[in-house]
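Novice: If you want the building blocks of each chain, they are given just below.
Protein chains: 2
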Amino acid sequence: MLDESRNEVSSQVKARVAVLGAGSWGVALGRSLSKSGHEVCLWEIDPAAARTLEVTRQVADKLPGVHLDDSVGITPDMGQAVEGAQFVLVVVPTRFFENTVKTLHQVRPDLSGLDGLLIASKGLIHPGGKRLSVAAGEILGASPPLVTLSGPSHAEEVGRDLPTALVAASDSETAAENAQKILMTSRLRVYTNPDVVGVELGGAIKNVLAIASGISDGMGFGDNSRAALITRGLLEMSRLGEALGGRPETFRGLTGLGDLVVTCTSRHSRNRKLGELIGTGLSAAEAIEKIGMVAEGYYTAENVVDLEEKYDLDLPICREVYRILYEGKNPAEAVGALMQRERKSEDGF
Amino acid sequence: MLDESRNEVSSQVKARVAVLGAGSWGVALGRSLSKSGHEVCLWEIDPAAARTLEVTRQVADKLPGVHLDDSVGITPDMGQAVEGAQFVLVVVPTRFFENTVKTLHQVRPDLSGLDGLLIASKGLIHPGGKRLSVAAGEILGASPPLVTLSGPSHAEEVGRDLPTALVAASDSETAAENAQKILMTSRLRVYTNPDVVGVELGGAIKNVLAIASGISDGMGFGDNSRAALITRGLLEMSRLGEALGGRPETFRGLTGLGDLVVTCTSRHSRNRKLGELIGTGLSAAEAIEKIGMVAEGYYTAENVVDLEEKYDLDLPICREVYRILYEGKNPAEAVGALMQRERKSEDGF
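So the protein sequences, as listed, match chains A and B. Position in the first sequence counted from 1, then plus 878, gives you the working numbering. Position in the second sequence counted from 1, then plus 878, gives you the working numbering.
If we strip away everything but chain A, and leave its shape as in the complex, we get (with noise of 0.2 Å):
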């Protein structure tokens, strides 16, 4: 399986992968997966749940008609789904994720024979605001390599082989480079980067510029604003990532710009929603309690403008978000707040 002398997957090797988590993301990649040969096993903690997708062979309410091949394994014992494999994939709601990973290091305690963890979960821990590989590698100690998966990539589109572009980002440019060489396919394009903190803060904050560009939306503005939302909404996220070590070029890339281009103009990004509906006229309480769970744009919005403080940064679109989302802010005056700043250089924030 290995060319144990560099530690590198050959591309024409097939690998066994458990996917923990059988939402609608891990059964898109777990359905590339097992397309392009990996043995697949996936995780679903809900036995029943488990059970309805072994029979349908899909996911009916989420990805409705992407079918997972007969080959693909699933089982909701997690023990039994990373047994032998040589990469875990968790991609479970961010609000899952530490428990997932303690499981995983319970039922496997000995990870040393993995070639890495790939996580496609994105967001923040709340509280507090920890990054997910961070919090992956409190739990699991220094093996296996983690990898982070990010960019713009919904999973309807990835499950009826639509062009998609990723990126794997890891400290270990070899653990990036295998799952770059198990994941990508001619109709999935895999970047490596080494840039975690980058990928990772960019994936988060773009959650809070959704729920702005949803805001927009929900007034009735429109491509103007929205354009104007992302391009600006870029350079706060760029300002923020940089001043807690992410590389600029990250935030211009797939997981930066990428996946805010998609996310704020997606009709099913759960953030932009929370945001249209306040736009409406919604509360913020009433806007979570209409969508029935909270968007984590909620929880990043206070993280960032946290740190936006620490940093003594200037990021006015976030803090218009916050101020909406936590201080009752009326979304109009937010907006005249932002259209109405003194003049300035397109440089000079």
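Treat the hints with care, as some may be off.
The list treats identical chains as one, so a pair stands whether inside a single copy or across any two.
When the alpha-carbon atoms are kept at most 30 Å apart in a straight line, the in silico DSBU-like pairs for lysine-lysine are as follows [as the list claims (entries may be wrong)]: (1) K892 with K1059; (2) K1059 with K1222; (3) K892 with K1222; (4) K1207 with K1059; (5) K1188 with K1168; (6) K1188 with K1059.
For the record, the hints were derived by calculation from the structure and aren't laboratory data.
Given chain A, put chain B in place with the hints provided.
Specialist: Below, chain B alone, put in the same frame as chain A:
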């Protein structure tokens, strides 16, 4: 009117502005200037169209419901339009740009009293690829100061007072600030930028990438593909634009990224439409015939590929667009070529 000591226009003061070109963008900008209290005269070359606009106060086919106030003058006589104007705004289609500026020079040979010639047309002169401010400077000489207006701005949205952000770029900081002062409203935020080269190139190169985005749409691809095209396309825009002297941050700003996002996602863009038709199977010639005219990006693709060779750059998306447009390459093969290049790191291109 002017604070003569510094030649700066007071933000409280009202100016006389001639708007050359009464298409949708000219009408939207003229309306906005008039609402701010400036004295506006629109020039429309076609006397019949000018008369219709004068009576109906709207461009019914392009901007229905967007009305010009009775105070806005409308004339087919450019001499009358520009007489006594402190600012002249040129907003004709790019192919008429040089002739319009030549006529301006004839009807008002002494432009030294002008606080700025504002260029809102976008694209490069065909053939040759000259930037518009260069062409204007060659016709008019050193005076008046030139200001390029650009950014993500559908005329329909500015005409409905939806929030929009623009950039005023000039070698003269005073001229850029004067343009900012007369144009800025509570719904139209204007940033200054000293990088004329970058602003003009971004507004031209984005049209080639809009064709690529349209091809992707026409082939039935989704948001993931478009986000990847925008992200990787922005890298190509920056590479070429920086080689030609533009500043990196300009391409990440409103006139680069912002305008790229709007054009790649717009149903109105002629360039995106050209690509879309090609993506559904038409040849470039058939698509051009169906649209009824050649979109700017068609010419710009040729300029870009010439420059790619001259400066030894790697612009794979632009190159595939060129091959599809000029060499009849099959779009599916072009996508394959882009997706299946060797595995890369994200910043390695």
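Novice: Of the hints stated earlier, which fail here?
Specialist: 5 and 6
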